[in-house]
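Chemist: Line by line, the protein sequences give chains A and B.
Be aware that the first sequence starts at 1, since it is given in the working numbering, and climbs by one per residue.
Be aware that the second sequence starts at 1, since it is given in the working numbering, and climbs by one per residue.
I should point out that these hints are in silico values taken from the structure, not numbers from a laboratory.
All values reported here derive from a predicted model rather than from experimental measurement.
Hints may contain errors.
[Stated by the list, open to error] Cβ pair distances, simulated, as ranges:
hint : chain 1 : residue 1 : chain 2 : residue 2 : range
1    : A       : Ser84     : B       : Glu20     : 32 to 40 Å
2    : B       : Thr5      : A       : Leu79     : 29 to 37 Å
3    : B       : Ile60     : A       : Ser67     : 32 to 40 Å
Beta carbons: idealized from backbone N, C-alpha and C, even for Gly.
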Amino acid sequence: NAGVTQTPKFQVLKTGQSMTLQCAQDMNHEYMSWYRQDPGMGLRLIHYSVGAGITDQGEVPNGYNVSRSTTEDFPLRLLSAAPSQTSVYFCASSLPGRAAEAFFGQGTRLTVV
Amino acid sequence: AQSVTQPDIHITVSEGASLELRCNYSYGATPYLFWYVQSPGQGLQLLLKYFSGDTLVQGIKGFEAEFKRSQSSFNLRKPSVHWSDAAEYFCAVNTNAGKSTFGDGTTLTVKP
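Please work from the sequences and hints to get the whole structure.
Modeler: Printed below as a string of structure tokens:
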């Protein structure tokens with residue numbers, strides 16, 4: 001039972017570099033989301049998707065791009081990394097509906113220098 | 001707009017003592033409320049949730065929470081804390097379309 005798998009677990013980038021954080025789930029969940037976690041600020045929603053081909057912006061979308069070509073995968077792209085994007089990134093998936101719980105990956109710790 | 005407030009950033013309790021973590025929400029419609037726990041270096045795991053029915057809900061690991069509409073609260077409790085409960089706890093409200101709004105979290109330290 002893999003659940004939600006994020007890769008890599010750790011990454012160091014130089015300012016201006018681009019990269020993609022990978023997220024895959026094997027639970028056939030329609031909904032997937034990306035959050036960033038910063039000390040004392042809880043989790044903030046970056047982008048989310050309610051199904052393949054459908055994405056929308058969350059609370060803090062600037063500097064990030066997403067696409068959802070399959071139900072299973074929801075990659076997050078950093079277009080030009082900035083030190084302000086140093087954070088821990090979590091991918092989550094859930095069934096449709098407000099009563100559904102979110103299942104989280106183990107996170108990617110990203111440092112931008 | 002919806003919001004979740006966890007007034008306590010950090011709480012320290014002795015092992016075996018009782019625990020209450022506070023959560024207040026702001027949401028116009030019927031709230032769908034969740035408590036998650038995050039152990040160091042891990043993702044979040046669901047402890048319990050409330051969306052209707054009995055206002056006292058039971059969760060995993062001996063946790064419970066009580067929904068009080070009049071106080072807009074959903075406090076998490078445990079009668080006797082174990083050292084393994086040391087973690088960060090998040091309260092969240094689900095709005096729609098897979099979106100959750102989280103509180104800033106409460107870090108629990110357990111003294112031996």
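Chemist: Now, for every hint given, state plainly whether the structure supports it.
Modeler: Now the hints, each set against the structure:
1. A:Ser84 / B:Glu20: 32 to 40 Å: holds, 36 Å
2. B:Thr5 / A:Leu79: 29 to 37 Å: With a Cβ separation near 33 Å, B:Thr5 and A:Leu79 satisfy 29 to 37 Å, so the hint holds.
3. B:Ile60 / A:Ser67: 32 to 40 Å: holds, 35 Å
Of the numbered hints stated above, none is contradicted by the structure.
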